[in-house]
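2 protein chains.
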Amino acid sequence: MKAYQELSREELLALQAQLQAEYEDAKGKGLQLDMSRGKPAATQLNLAGGMMEVLTADSDMKASNGFDVRNYGVLDGIPEAKQLMADMMGVKAENVVVCGNASLTIMYDTISRSMTHGVLGSTPWCKLDTVKFLCPAPGYDRHFAITQHFGIEMITIPMTPAGPDMDMVEKLVSEDASIKGIWCVPKYSNPQGYSYSDETVKRFAALKPAAEDFRIFWDNAYVIHHLYADKQDEILEILSECEKAGNADMVYEFCSTSKVSYAGAGIAAIASSKANLDWMKKSMTIQTIGYDKVNQLRHVRYYKDINGINAHMMKHADLLRPKFEAVLKVLDAELTGLGIGEWTRPNGGYFISFEAMEGCAKAIVAKCKEAGMVLTGAGATYPYGKDPKDSNIRIAPSFPTPEEMAVATDLFVLCVKLVSVEKLLEQ
Amino acid sequence: MKAYQELSREELLALQAQLQAEYEDAKGKGLQLDMSRGKPAATQLNLAGGMMEVLTADSDMKASNGFDVRNYGVLDGIPEAKQLMADMMGVKAENVVVCGNASLTIMYDTISRSMTHGVLGSTPWCKLDTVKFLCPAPGYDRHFAITQHFGIEMITIPMTPAGPDMDMVEKLVSEDASIKGIWCVPKYSNPQGYSYSDETVKRFAALKPAAEDFRIFWDNAYVIHHLYADKQDEILEILSECEKAGNADMVYEFCSTSKVSYAGAGIAAIASSKANLDWMKKSMTIQTIGYDKVNQLRHVRYYKDINGINAHMMKHADLLRPKFEAVLKVLDAELTGLGIGEWTRPNGGYFISFEAMEGCAKAIVAKCKEAGMVLTGAGATYPYGKDPKDSNIRIAPSFPTPEEMAVATDLFVLCVKLVSVEKLLEQ
Numbered sequence: 000m001k002a003y004q005e006l007s008r009e010e011l012l013a014l015q016a017q018l019q020a021e022y023e024d025a026k027g028k029g030l031q032l033d034m035s036r037g038k039p040a041a042t043q044l045n046l047a048g049g050m051m052e053v054l055t056a057d058s059d060m061k062a063s064n065g066f067d068v069r070n071y072g073v074l075d076g077i078p079e080a081k082q083l084m085a086d087m088m089g090v091k092a093e094n095v096v097v098c099g100n101a102s103l104t105i106m107y108d109t110i111s112r113s114m115t116h117g118v119l120g121s122t123p124w125c126k127l128d129t130v131k132f133l134c135p136a137p138g139y140d141r142h143f144a145i146t147q148h149f150g151i152e153m154i155t156i157p158m159t160p161a162g163p164d165m166d167m168v169e170k171l172v173s174e175d176a177s178i179k180g181i182w183c184v185p186k187y188s189n190p191q192g193y194s195y196s197d198e199t200v201k202r203f204a205a206l207k208p209a210a211e212d213f214r215i216f217w218d219n220a221y222v223i224h225h226l227y228a229d230k231q232d233e234i235l236e237i238l239s240e241c242e243k244a245g246n247a248d249m250v251y252e253f254c255s256t257s258k259v260s261y262a263g264a265g266i267a268a269i270a271s272s273k274a275n276l277d278w279m280k281k282s283m284t285i286q287t288i289g290y291d292k293v294n295q296l297r298h299v300r301y302y303k304d305i306n307g308i309n310a311h312m313m314k315h316a317d318l319l320r321p322k323f324e325a326v327l328k329v330l331d332a333e334l335t336g337l338g339i340g341e342w343t344r345p346n347g348g349y350f351i352s353f354e355a356m357e358g359c360a361k362a363i364v365a366k367c368k369e370a371g372m373v374l375t376g377a378g379a380t381y382p383y384g385k386d387p388k389d390s391n392i393r394i395a396p397s398f399p400t401p402e403e404m405a406v407a408t409d410l411f412v413l414c415v416k417l418v419s420v421e422k423l424l425e426q
Numbered sequence: 000m001k002a003y004q005e006l007s008r009e010e011l012l013a014l015q016a017q018l019q020a021e022y023e024d025a026k027g028k029g030l031q032l033d034m035s036r037g038k039p040a041a042t043q044l045n046l047a048g049g050m051m052e053v054l055t056a057d058s059d060m061k062a063s064n065g066f067d068v069r070n071y072g073v074l075d076g077i078p079e080a081k082q083l084m085a086d087m088m089g090v091k092a093e094n095v096v097v098c099g100n101a102s103l104t105i106m107y108d109t110i111s112r113s114m115t116h117g118v119l120g121s122t123p124w125c126k127l128d129t130v131k132f133l134c135p136a137p138g139y140d141r142h143f144a145i146t147q148h149f150g151i152e153m154i155t156i157p158m159t160p161a162g163p164d165m166d167m168v169e170k171l172v173s174e175d176a177s178i179k180g181i182w183c184v185p186k187y188s189n190p191q192g193y194s195y196s197d198e199t200v201k202r203f204a205a206l207k208p209a210a211e212d213f214r215i216f217w218d219n220a221y222v223i224h225h226l227y228a229d230k231q232d233e234i235l236e237i238l239s240e241c242e243k244a245g246n247a248d249m250v251y252e253f254c255s256t257s258k259v260s261y262a263g264a265g266i267a268a269i270a271s272s273k274a275n276l277d278w279m280k281k282s283m284t285i286q287t288i289g290y291d292k293v294n295q296l297r298h299v300r301y302y303k304d305i306n307g308i309n310a311h312m313m314k315h316a317d318l319l320r321p322k323f324e325a326v327l328k329v330l331d332a333e334l335t336g337l338g339i340g341e342w343t344r345p346n347g348g349y350f351i352s353f354e355a356m357e358g359c360a361k362a363i364v365a366k367c368k369e370a371g372m373v374l375t376g377a378g379a380t381y382p383y384g385k386d387p388k389d390s391n392i393r394i395a396p397s398f399p400t401p402e403e404m405a406v407a408t409d410l411f412v413l414c415v416k417l418v419s420v421e422k423l424l425e426q
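Chains as they are written, first to last, in numbering that gives the first Met the number 0: chain V, 0 to 426; chain A, 0 to 426.
The shape of chain V in the complex, shown without the other chains (with noise of 0.2 Å):
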């Protein structure tokens, strides 16, 4: 088939009614789908139904340092759920923190931290005029949502394959002292299931930031999630390398088991220098006595520890890459050559990221949604929910079945198809 965009008038035309009838068809059948999150399906949460059984009423309940887990206190977490931690991430157990059952709750606070009390003795954000944070796009809807919520400024930094332009990102931060900070998810990110990649990461390290309580926020929120057994991205250990650059304090890295265990009960945990712990745990010890551990020492007697989370994340593979294939599939086969959208192939994470053609992505997901299919609002990828070329959207194979997905994306598809024509038409 023809690229779009080579089509006559009339083979538009043509198309379009052929298509319209096709959808008519597609509303009839009267789907109710939901690809809009990046939501575990219950067969992966089952996964994780031993945990429920770990423990019982006669465990042991003390942690490797003596202290009972159902008790007050031990602030930063029990050692072998910090150590736990630590290993997902690359990390010393020393330079960790395990927090409670959500990492964007532990990015949420460490801003509000910085807005009241500042960073490191720095001044609190809240007294400064501007505060201003970049955001890569197309990246993740919370992150964006808690800077919005705080009234941060949101400049946006365009993604490529290897990561944020960097160009941009030096240049900025070296220059603006009211940059503050810059979100990350620096492995198979959200959307595009990108992973950084050592050029990136060194420059990040190596970052000359005008502010000194800017702060990279790290969100290697699928630091272990990988689809396949033998095509695994890996990306260089950012706290060591910002060590190496002599930027020790320059990153705050965020993790959880949140896709491993369980995405409302899992643990999440925080990883930093010392003296970024040690300011941050004057602010939480005030905010708790300790967070739950209990839940911690379930993880930890399930897991075992990495070797036994990284077995499990293969299970979780197994179930998730029939469902990115579906997609995949009926992608490649549909639209590979027409010359509307391109799509993402990620090794990992949660999501396969569309662009559509220009000014198409709010007509395609309305399209969608008018038959039946709930996709993450259009937009919702950017900054303030505004993407200036209305052309990305972000899909979401986990929840549906792999049959669901399939289905999915034949509407999908569809509708680019659709929307598609019709802009040409407009021309």
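Hint data in this document are derived by calculation from the structure and do not stem from the laboratory.
It is possible that part of the hints are untrue.
No distinction is drawn between identical chains; accordingly, a pair holds when it is met within one copy or between any pair of copies.
[Claimed, not checked] Cross-link-like lysine-lysine pairs, in silico, DSS-like; alpha carbons within 30 Å at most:
{"no.": "1", "residue 1": "K361", "residue 2": "K280"}
{"no.": "2", "residue 1": "K361", "residue 2": "K385"}
{"no.": "3", "residue 1": "K131", "residue 2": "K280"}
{"no.": "4", "residue 1": "K303", "residue 2": "K280"}
{"no.": "5", "residue 1": "K207", "residue 2": "K281"}
{"no.": "6", "residue 1": "K368", "residue 2": "K280"}
{"no.": "7", "residue 1": "K361", "residue 2": "K201"}
{"no.": "8", "residue 1": "K61", "residue 2": "K303"}
{"no.": "9", "residue 1": "K314", "residue 2": "K131"}
{"no.": "10", "residue 1": "K385", "residue 2": "K281"}
{"no.": "11", "residue 1": "K280", "residue 2": "K61"}
{"no.": "12", "residue 1": "K281", "residue 2": "K368"}
{"no.": "13", "residue 1": "K126", "residue 2": "K280"}
Since the structure of chain V is already known, use the hints to place chain A on it.
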């Protein structure tokens, strides 16, 4: 025995020599006792052992609203957990948000949110020159730590057996718009074990604050924490009292199961008006996708309902009562009539409050420590850690055994006597 104040200098000197000898003897015993914090004992934590077994790999993990508790979502808690916490507080489930493992964190987050985003549309507190809180004292040190951490000026309000000095509260709150809140532990108060009278609660509900964003922080930490089956304090329910008085938005109530199930792994909740909760949830939905609902379900499946919790609390009472009585027995026997101290006899809660002669508390705590017994730091029960009379000492009987409590209190009264004699000799 005569009151110490009536003893002659010679009698005091003789007594001092005798007490000093006893103290040296006590020091030689190498005691190691910790009465510093209101921590449940392991025997209490064991009571909830069955909670570890209500969820298994085969359990139905759906909440009553059909939501899989293992997955993302449900910001304000699963319906049955909301009902359980509502019943603990005697409020409606619709007025409750169930959060993570600590009410302290909800309080901290509530203050933090007020700093950065204001209260129901008011100016963010961080933009104001002065923010003040009223602090009934003796009170809970962790409350004062939160306000101090955010640079909020604390004004001490004297406590009475019926609650805070309400004349002072009413006057200050109505005159000074920079007063934004008051910390209250209305039932079995920390550390005195006092419960607010109906008149006090009604006067709270009827406050006419100068500040529209003034809020009562009603920390109902010991709401069901009775020591006796037949002597139980009850207080008026504050939300409905505030509503009746036309002040529906003036109060936040907090409670948790930290001293019901596990101190480190319970569930906590906030109750407030719909307007307040809606305002809060605008931030909460940015801060988290949802709190740990598996733990919420675990609590509900284990306790079933408020009757289950109340029955469980009587088991706690059976373990705690002998410890309180061991302390009171020694205090009664050793200090009655000596004029060197007064103490409270609470029907619930976690503490006994001891009022030493003015200027003696720090010295008593230091002497206890020298002999191997750690008490809460003297002054901790007052804002900024400064007890103006240096007389209040918080006794936390929960963690040691009754036998240890008897030994500990023997040492305590010895130190009280010795320090009091020394004080009288100075005069």
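*From the Cα coordinates, with 30 Å as the cut-off, is the pair K207 and K281 best called within, between, both, or neither?*
within (27 Å within a copy, 36 Å between copies)
*Taking 30 Å as the upper bound on the Cα-Cα distance, should K361 and K385 be classified as within, between, both, or neither?*
Within one copy only: 10 Å inside a chain, 61 Å across chains, cut-off 30 Å.
*With 30 Å as the alpha-carbon cut-off, assign the pair K361 and K201 to within, between, both or neither.*
For K361 and K201, neither the intra-copy (36 Å) nor the inter-copy (55 Å) Cα distance is at most 30 Å.
*Measure nothing new, just compare the shortest in-copy and cross-copy C-alpha distances for K131 and K280 to 30 Å and report within, between, both or neither.*
Both: 25 Å inside a chain and 25 Å across chains, each within 30 Å.
*Given identical chains, is K361 near K280, meaning Cα to Cα at most 30 Å, within a copy, between copies, both, or neither?*
So K361 and K280 pass the 30 Å test across copies only (28 Å; inside, 43 Å).
*Evaluate K126 and K280 at a C-alpha cut-off of 30 Å and name the case that applies: within, between, both or neither.*
both (22 Å within a copy, 25 Å between copies)
*At most 30 Å between C-alpha atoms: does K368 with K280 qualify within a copy, between copies, both, or neither?*
between (45 Å within a copy, 27 Å between copies)
*How would you classify K385 and K281 at a CA-CA limit of 30 Å: within, between, both, or neither?*
Cα proximity of K385 and K281: across copies only (20 Å, versus 37 Å in one copy).
*30 Å Cα cut-off: does K61 pair with K303 within a copy, between copies, both or neither?*
Both. Shortest intra-copy (15 Å) and inter-copy (27 Å) distances satisfy the 30 Å Cα cut-off.
*Go through the copies and call it for K281 and K368: within, between, both or neither, with a Cα cutoff of 30 Å.*
between (47 Å within a copy, 26 Å between copies)
_Same-copy or cross-copy closeness of K280 to K61 [CA-CA at most 30 Å]_ = within (23 Å within a copy, 36 Å between copies)
*asked:* My question is about K303 and K280: at a cut-off of 30 Å on alpha-carbon distance, are they close within one copy, between copies, both, or neither?
replied: For K303 and K280, only the intra-copy Cα distance (27 Å) is at most 30 Å; the inter-copy one is 37 Å.
In summary, the structure is inconsistent with hints 7 and 9 from the numbered list given earlier, while agreeing with the others.
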